[in-house]
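> Listed below are the residues making up each chain.
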Amino acid sequence: MAGFDKRVYSYEEAMDGIESGMTVIAGGFGLCGIPENLISEIKRRAVKDLTIYSNNCGVDGFGLGLLLEGRQISRIFASYVGENALFEQQMLNDEIEVVLTPQGTLAEKMRAGGAGIPAFYTATGYGTPIGEGKEVREFNGRHYILEESVVGDFAIVKGWKADRYGNVVYRDTAQNFNPMAATAGKITVVEVEEIVEPGELRPDQIHTPGIYVDRIIQGTFEKRIEKRTVREG
Amino acid sequence: MAGFDKRVYSYEEAMDGIESGMTVIAGGFGLCGIPENLISEIKRRAVKDLTIYSNNCGVDGFGLGLLLEGRQISRIFASYVGENALFEQQMLNDEIEVVLTPQGTLAEKMRAGGAGIPAFYTATGYGTPIGEGKEVREFNGRHYILEESVVGDFAIVKGWKADRYGNVVYRDTAQNFNPMAATAGKITVVEVEEIVEPGELRPDQIHTPGIYVDRIIQGTFEKRIEKRTVREG
Amino acid sequence: MALTREQMAQRVARELEDGFYVNLGIGIPTLVANYIPDGIDVMLQSENGLLGMGRYPTEAEVDPDMINAGKETVTARPGAAIFSSAESFAMIRGGHVDLTVLGAFEVDQQGNIASWMIPGKLIKGMGGAMDLVAGAENIICTMTHASKHGESKLLEKCSLPLTGAGCINRVLTDLAYLEIKDGAFILKERAPGVSVEEIVEKTAGKLIVPDHVPEMTFDA
Amino acid sequence: MALTREQMAQRVARELEDGFYVNLGIGIPTLVANYIPDGIDVMLQSENGLLGMGRYPTEAEVDPDMINAGKETVTARPGAAIFSSAESFAMIRGGHVDLTVLGAFEVDQQGNIASWMIPGKLIKGMGGAMDLVAGAENIICTMTHASKHGESKLLEKCSLPLTGAGCINRVLTDLAYLEIKDGAFILKERAPGVSVEEIVEKTAGKLIVPDHVPEMTFDA
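Protein chains in written order, with the numbering used here: chain W, 461 to 693; chain B, 461 to 693; chain L, 27 to 246; chain E, 27 to 246.
Don't take every hint at face value.
What the hints assert, rightly or not - FRET-style restraints, in silico, Cβ to Cβ:
1) E:Tyr61 x W:Lys683: 26 to 36 Å
2) B:Gly481 x W:Gly659: 42 to 52 Å
3) W:Gly521 x E:Glu163: 56 to 66 Å
4) L:Arg40 x B:Lys594: 35 to 45 Å
5) W:Arg602 x E:Pro218: 31 to 41 Å
These are calculated hints, taken from the structure and not from any lab test. Model, not experiment: these values are computed from the prediction. Ideal placement from N, C-alpha and C gives every residue a C-beta, glycine not left out.
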């Protein structure tokens with residue numbers, strides 16, 4: 461009865477099937493809660509011409525920044541990309557197409573994609589360059605624009621704990637975009653810090669039910685901190 | 461610093477401000493996880509002409525069935541209302557307007573209402589009586605209908621535990637419609653089995669963040685079972 | 027002989043595959059859970075918000091906070107997940123459920139299904155059925171082939187209000203197992219002792235009958 | 027004298043009310059947290075998914091899984107809630123945040139705001155700002171009244187690409203506190219020692235000046 465055992469034991473296996481030209485949806489905010497080893501595996505495979513949906517694009521040399529080094533990304537939907545010199549250069553050289561997307565709209569596009577909702581209306585971006593070319597409609601006297609949802613060929617996700625059925629919990633603000641990303645991949649791969657036995661996670665406290673998850677891998681993580689701000693102890 | 465202490469100590473206070481003609485969004489599925497004491501308080505107040513959004517309408521003499529007895533509901537959006545003889549009678553007498561709404565669409569209407577999304581597309585109901593009169597649009601070769609979201613004057617919710625800031629967790633399948641209902645009330649009232657100290661609930665395991673909640677009350681519950689099915693022990 | 031309810035459930039259960047997430051409707055579909063083949067594990071989804079539905083509880087286990095979509099008390103198996111109804115229908119509408127089994131009043135050769143409303147009779151509501159048929163790519167309808175009065179329920183065009191349009195691809199009746207494709211029913215199997223002629227006679231919609239139509243077999 | 031950054035934060039903090047859920051943008055808005063008046067409790071929302079943001083961590087408390095929307099390490103106060111970014115923007119878009127404070131390049135008399143993009147300069151992105159201005163009913167913009175070259179940033183019509191249309195109702199600059207209503211800025215207070223004339227001169231948009239414009243006061 462291997463049916464629900466979604467564990468894989470190598471990153472090669474975890475990203476099996478990824479190809480050039482695919483769309484990849486990534487969890488993470490800044491460098492927090494990013495699927496760092498899955499990204500490294502995509503780098504290793506040197507697939508090209510990827511379309512990425514991710515709130516940010518990592519930093520030089522870490523996270524999705526690695527895929528910039530390899531010139532593997534041709535298009536990215538993100539809300540904020542200002543942390544990365546290589547990114548800037550590729551954008552100015554037109555090597556990469558950047559579709560700036562408001563953070564909440566990006567989150568909702570993933571959530572809607574996973575939930576079988578092809579499009580939704582939001583006031584976010586109405587009257588701004590983001591709304592240009594999009595349908596505008598009034599509801600109750602207010603203007604909204606139509607935004608379409610997204611489903612990726614792959615979703616790459618970083619969890620905290622999971623069981624082998626693919627039920628996942630996230631820790632603290634490392635949750636961020638991960639739960640929505642997990643719903644929006646044709647193939648969803650989750651790397652976690654710890655795999656526990658089915659039943660160890662309280663059923664009503666699971667963030668991502670296993671039905672969304674195709675592969676689970678246990679990894680070790682650098683968890684680089686982008687801005688270390690401290691106060692006197 | 462009473463700012464975030466949302467506790468109230470009587471059901472009268474909990475439902476303060478409810479008036480005839482208002483729209484009330486209720487959590488619960490069947491008789492599971494229903495805000496039974498808040499419903500009783502609405503019955504006691506004898507407000508009339510209510511519009512209710514709830515998956516079901518209780519049973520004779522319990523849950524929202526109590527409001528039928530008082531002829532307090534003039535319109536209900538629900539997915540399934542077949543458990544209730546009084547309901548049947550009022551429907552046949554045209555005393556109550558029933559807007560049958562697919563269960564997933566009902567859940568999403570509440571979720572979208574709370575999330576500032578005025579409308580969304582769904583394939584559910586396309587080509588059926590539910591889709592009649594609604595806008596149809598094609599996305600990627602498939603047909604979808606446009607559904608509008610809802611915000612109620614009140615949302616009434618049943619939680620398991622909450623802190624005084626209004627952070628709520630639900631227990632097992634008593635979760636059901638409660639988290640979405642909680643987001644979709646101009647005034648959201650949550651009754652729970654236990655109020656705990658802030659910090660006792662793990663922050664990343666809270667189902668309903670306190671920002672959605674206006675009033676919290678601790679109650680005792682009958683928790684009637686609709687269909688007791690058992691196997692030999 | 028027409029299939030019994032139990033045989034219908036047994037036959038449907040053969041369509042299960044290891045690792046399937048399955049939503050079983052009320053009635054015959056519910057019985058399918060009793061006939062899951064050996065060596066196959068499926069996870070039952072209950073649309074109120076439970077993935078990994080277990081058996082009915084013992085008297086001691088009964089918990090009013092643990093019910094299924096039929097409002098029956100149930101248990102959760104180890105490794106279950108419980109969530110809101112919005113999340114539950116996100117997975118249904120988003121096509122994450124592998125197989126849905128539900129009853130119907132009528133099905134037609136275009137894959138339309140009518141299962142929730144008989145005009146003039148009291149309307150109880152569609153519950154989650156419209157979301158399920160719109161969201162699943164893989165649906166099996168279970169129903170009697172014809173009414174008590176012998177009127178076919180496999181039609182050219184449904185006469186009752188639809189639950190979903192063009193979404194059904196498999197039907198198991200008490201007489202036959204059929205697929206729906208390109209505007210026709212295709213007869214795949216017949217119940218033991220039921221003749222092709224009887225099925226032809228009781229199918230009002232366009233029916234394609236292959237040269238050989240195997241008979242279903244059941245363990246005694 | 028023009029207000030310092032700290033004074034601007036102090037002045038904004040006076041707009042806080044007990045029980046407010048507040049989202050503070052990067053820069054001066056962040057400093058507001060240092061000036062929350064006695065007797066008032068506010069809950070800070072960080073749009074990556076944190077309600078009840080606490081202080082910066084001590085060296086020992088630093089946790090890479092605990093950051094704010096500025097990607098800084100933070101802590102959560104007791105009674106905080108942490109959730110997904112979809113949930114976070116549900117509460118923002120749905121109008122559940124009581125007050126948003128954010129910086130801007132330009133604001134105009136129609137309540138339009140430009141804060142995220144200067145054509146010809148590198149574009150870093152809008153982050154959550156467009157959702158915040160579209161979702162909040164109550165927004166305070168903090169900005170300098172004019173550029174270094176003396177060009178007004180309070181305009182008849184924004185010249186830069188907008189972040190949001192018709193959504194700003196209050197502006198605190200280094201020179202004045204203003205409200206926006208019916209297509210005009212209304213001068214409500216002036217910085218200590220700053221004359222009404224200077225504010226009039228540095229405001230390009232339509233400005234309504236009441237008979238009496240009180241001077242802000244700050245503790246020494």
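> Now tell me, hint by hint, if it's right for this structure.
Evaluation of the provided hints:
no.	hint	verdict
1	E:Tyr61 x W:Lys683: 26 to 36 Å	holds, 33 Å
2	B:Gly481 x W:Gly659: 42 to 52 Å	holds, 49 Å
3	W:Gly521 x E:Glu163: 56 to 66 Å	violated, 42 Å
4	L:Arg40 x B:Lys594: 35 to 45 Å	holds, 39 Å
5	W:Arg602 x E:Pro218: 31 to 41 Å	holds, 39 Å
In summary, the structure is inconsistent with hint 3 from the numbered list given earlier, while agreeing with all the others.
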